[in-house]
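*Asks:* So the chains spell out like this:
2 protein chains.
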Amino acid sequence: MKYYSIEEMKSWERFYRANFINSLSGFKPISLVSTINSDGVPNLALFSNIIHLGSDPALIGIVNRPREASPHTLGNIESNGLFTINHVHNSFVEAAHQTSAKYAFDVNEYDEIGLTAEYKQNFSVPYVKESLVQYGLELVEIIPIKANNTFLIIGKLKQVFIDETIVSDDGFINIQQSGSLASLGMDAYYETIPLKRFKYAKVGIPAQELSF
Amino acid sequence: MKYYSIEEMKSWERFYRANFINSLSGFKPISLVSTINSDGVPNLALFSNIIHLGSDPALIGIVNRPREASPHTLGNIESNGLFTINHVHNSFVEAAHQTSAKYAFDVNEYDEIGLTAEYKQNFSVPYVKESLVQYGLELVEIIPIKANNTFLIIGKLKQVFIDETIVSDDGFINIQQSGSLASLGMDAYYETIPLKRFKYAKVGIPAQELSF
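These protein sequence lines are chains S and X, in that order. Residue numbering for the first sequence is 1186 to 1397, as defined by our numbering. Residue numbering for the second sequence is 1186 to 1397, as defined by our numbering.
Chain S with its partners taken away, still in its complex shape (with noise of 0.2 Å):
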């Protein structure tokens, strides 16, 4: 294996650095996130830093780019507090990617990339219609992370829409039948093969298998 060193990944090509060191720690997940204006439009945006925080209470953060890079889904949180979560599949990929563009606050970006907003159960920020999982949140916090600028903006979970048929008895959702996708660095796609699923670990018991 090669050593890199942070001085040499330093002295780097800025979009050269910013591809390795976004790839370094994983896949992702990516979903299209989405809110609404002071004026009621519509906004989305692509993020693949979304993390479950925890299932009781349910809590789910994702990070926001500094505010000068990222205005739009940050400052509609904070005016309004309501944030939808919507999935991406192969099906509208190439659209998903697009909204990462740099739209103006008053644009619909439903209208501009041409995707569905979904009204529903009273939820006032719309879901992504063609997204085949999708949940809505209400803001707890969000907590600045002095080291960068960027902000953890943590929500409540309050409602989930999916197909019941890909949920296993035991509650585990089968998002590779939806076609849910992974992401690696800014721009990689990724589709997925089940390998394992494991019970819960306990100390001297070799790892036991479940099914999917």
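Take the hints with a grain of salt, since some may be wrong.
Note that identical chains are pooled: a pair holds if it fits in a single copy or bridges any two copies.
[What the hints assert, rightly or not] Straight line, CA to CA, 27 Å or less: simulated BS3-like cross-link-like pairs of lysine-lysine:
no.: 1; residue 1: K1195; residue 2: K1343
no.: 2; residue 1: K1195; residue 2: K1331
no.: 3; residue 1: K1305; residue 2: K1343
no.: 4; residue 1: K1287; residue 2: K1331
no.: 5; residue 1: K1331; residue 2: K1341
no.: 6; residue 1: K1195; residue 2: K1384
no.: 7; residue 1: K1187; residue 2: K1331
no.: 8; residue 1: K1314; residue 2: K1187
no.: 9; residue 1: K1287; residue 2: K1314
no.: 10; residue 1: K1314; residue 2: K1341
no.: 11; residue 1: K1305; residue 2: K1341
no.: 12; residue 1: K1314; residue 2: K1331
no.: 13; residue 1: K1314; residue 2: K1195
In case anyone wonders, no lab produced these hints; they're calculated from the structure.
Add chain X to chain S, keeping to what the hints say.
*Replies:* Positioned in the frame of chain S, the structure of chain X alone reads:
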């Protein structure tokens, strides 16, 4: 699609609920985090909550569960400020899963589980020799997340070890070529298939593909 309200999800049996909510946020990275305790005994812990925070400076975060549930990694990083992160592959996924059992503070989990501690480049914390993507970090900040008593541990990248043949011309790391896995929920592991890469998105220009 079926609608699930948070009230319904709260009524579910604990493990069913945990499986469901853990899977909802999508595919995750999966790596072994290694630390050493105050006596120099190395520890291993399986993490899927690993977050790319930025590439300039190069910052990566991990979310540690509440201290009562998972004290060793957090305590070790507090005491000496260093940790390594090591991708998980099919060849040792059973062993990796087994590290999530609750071993005592003074147990050398490498020995217990049958993985090899590799000390190199003057880093006092070992790497997992069986892993083909390894990187070492130095603590920047630990942010307590009050909403559920978890902790965001932020490290700055110090060194990386990978086979240079998996690095593309633009710095992207083809971790599928090293057999790095993705994870889902609490206990599921996936292989991945590259689907598409796209150029940086710009307003008015349709998504353009890029090679892996």
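*Asks:* Could you run down the list of hints and mark each one as holding or not?
*Replies:* Going down the list of hints, with the structure as the test:
1. K1195 to K1343: between (42 Å within a copy, 11 Å between copies)
2. K1195 to K1331: This pair counts as within: shortest intra-copy Cα distance 20 Å, inter-copy 34 Å.
3. K1305 to K1343: Result: close within a single copy only, 13 Å intra versus 47 Å inter.
4. K1287 to K1331: within (24 Å within a copy, 33 Å between copies)
5. K1331 to K1341: Classified as both: same-chain Cα gap 23 Å, cross-chain 13 Å, threshold 27 Å.
6. K1195 to K1384: between (42 Å within a copy, 23 Å between copies)
7. K1187 to K1331: Result: close neither inside a copy nor across copies, 32 Å intra and 40 Å inter.
8. K1314 to K1187: Classified as between; 13 Å across copies, 45 Å inside a copy.
9. K1287 to K1314: within (22 Å within a copy, 42 Å between copies)
10. K1314 to K1341: Classified as within; 22 Å inside a copy, 39 Å across copies.
11. K1305 to K1341: For K1305 and K1341, the Cα distance is within 27 Å only inside one copy (18 Å; across copies 42 Å).
12. K1314 to K1331: Answer is neither: 36 Å inside a copy and 34 Å across each miss the 27 Å cutoff.
13. K1314 to K1195: between (42 Å within a copy, 26 Å between copies)
Of the numbered hints stated above, those contradicted by the structure are hints 7 and 12, listed in ascending order.
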